[in-house]
Amino acid sequence: MNREPRSSIPRSKLTLPVANRDHIEGPIDAPVALLEYGDYECPACGQAYPIVKAIQKRMGNRLCFAFRNFPLTNMHPFAEHAAEAAEAAGAQGRFWEMHDRLFENQNALADESLAQYAAGLGLDARRLIKEIQAGAYIERVREDFRSGARGGVNGTPTFFLNGVRFEDGPDALLAAILNPD
Amino acid sequence: MKANTEAIRLSSPNVPVSTALPAGTSAPDFALRSTPDQTVRLSEFRGRPVVLAFYPADWSPVCGDQMALYNEMLSEFQNLGAELLGISVDGAWCHTAFSRDRKLHFPLLADFEPKGAVARLYGVYREADGTTERALFVVNAAGAIHWSYVSPVGVNPGADGILSALEELQNNLEPK
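Taken in order, these protein sequences are the chains called V and F. Mapping the first sequence onto numbering that gives the first Met the number 0, position 9 (from 1) lands on 8, and the numbers just tick up by one. Mapping the second sequence onto numbering that gives the first Met the number 0, position 5 (from 1) lands on 4, and the numbers just tick up by one.
Just so you know, the hints here were simulated from the structure itself, not pulled from any lab data. Quick caveat: nothing in here was measured; it's all calculated off a predicted structure. Since no wrong hints were added, every one of them can be taken at face value.
To be clear about the criterion: a stretch of chain V counts as covered by chain F if any three or more of its residues have a C-beta under 8 Å from a C-beta of chain F, and this derived list gives those stretches:
1) 72-84
2) 145-153
Distance windows between CB atoms, simulated:
3) V:Asp99 / F:Thr34: 39 to 49 Å
4) V:Pro42 / F:Tyr148: 27 to 37 Å
5) V:Pro42 / F:Arg99: 13 to 23 Å
6) F:Phe44 / V:Lys52: 43 to 53 Å
7) V:Lys52 / F:Arg47: 40 to 50 Å
8) F:Thr38 / V:Ala118: 45 to 55 Å
9) F:Lys114 / V:Pro30: 50 to 60 Å
10) V:Gly168 / F:Gly46: 39 to 49 Å
11) V:Asp123 / F:Lys114: 56 to 66 Å
Heads up, the beta-carbon is just placed ideally off N, CA and C, and yes, glycines get one too.
Chain F with its partners taken away, still in its complex shape (with noise of 0.2 Å):
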């Protein structure tokens, strides 16, 4: 499947949200603002494994444990030659003020406007709340879905699924 290379232009309101995009699924490329000033691309990172994070919103207790704990993991990720990306609805100057006070050591990516486009195209918005799901998606190096998994919004889904899609992707193994 060849990946849509102008996702958030090409992103339709028909798309639909109610399943998160399936192992095997081609990844969608998005281009996103990290900061007031960045921005980054997806398709920027191929040729490596890609770990996206949805989570629902900066600040929130359970998220700020999650992206505390990936923050943690970053060696191990960048070990196993992985990228991470958080994603919110939040916007880029909220990103860095979140970012800065957590001092996170990676990028979290403003899906602000149009608001959730790339979290539709994943199929991980939630039209009621007008946030992400808390949502993985583990992206291989030719910008395929390897692994995605949907945590209830109040659960932080920790690290052990990401860990396990990336060394299934070190060994060239399929999903479980």
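Excised from the complex, chain V in its bound form (with noise of 0.2 Å):
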């Protein structure tokens, strides 16, 4: 498995995208940066799925959205492989094509679906299958837990606004990056 080292999270990062590291859409310079912890299995994070996306397209290129990793594994069971498939899509190059894929289908992420769906969106979905059963991208999906717990995510899914948790809940998202206090 060759995978480009990534940088670990900066402390003081840990709240808002990082470049080279983290997966985003929209500038990273944006003026405003929205970073979600999610778990492809959570309903929660599935209703908070077209919120995200309805914000996006809303806001354009004055946006950086970055997605982290946070699956509640025992609670969820495929939520560990949807989180390392998205991943490994991403080393093809289509991180959130696959992210959306499973929020779009979060009945379905058993790794049969996974490979479905990598195979739907033109990938090497063999590799894809060999990567998770490898656990390559184990350790990165961690990284981005330990990030999450070390800054303040207690569940899912946890938004962060400019750096700050948002504590509302997404429907509000949009409201606060308009009218921002």
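Hints given; two lone chains; assemble the complex.
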């Protein structure tokens, strides 16, 4: 497994997207930074997914959205492999496509389904499954998790808006972004 | 300060209940059931740090999140040499069902009879509710409290404070 060494997240940047490390959509220097800690099998994260999409659409290039993994693996038996599948897709350049596919199919996250989604996205599904089975992304997912636990993530989804933990539900995000106080 | 090794028997109703035992205090010893036929004694863990997580009740949503989070953090706690014990006033059968449902991999102790006796010893019993506070204690290898924290009942205190305390212990530092 030839993986690029990735820098770990500096403590000072735990709650902000980090260039060259995090998966981001939008410019890293966008005026608004939204970071989500999420779990692909978590129903509440599934409910937040279209809300984030709508915010991204509305904000365009003024938003940098980043996603980090926070799988509760005992509660959600498929969450860990799903997270690793997104990372594995990322290694083939299609993180966000897989991310979306997973949230749109939260009830079908077993390995066979992950392979199907990979194939459907035109990825090398065999490589993806092989990497997951070899545990190639376990450390990466764990680092996300650890950073969340250190940064005040107590459950999912947890959002950080411009580095500050957002205490209200996802429904309130857009208003908070449009009307900062 | 010498640890109280007969905590439950010696617990007196006059123990102040308004404040959690602070850092530097000896952690009162106790023995509580973790399952209907198993008992866990705090002093069994002497020689390594112990995290005591008092929480109000099995099954309530915030506790669920908190215990689920700690369940996922177990390897982190263990890497820092620590044991985690959850404690509430629920009975051992209730804990067994809750633990099985949430697939918890650490013991939940039943501070059930006399109700809340251990919580009282640690100053975290909520008289009005009949439950414990949502309180955290990190006990060091010598059995003294290194760090304690009481969270508002409805707020999951997370794991950050525990990790910092355990790292301080590992590095022989004083609490911040």
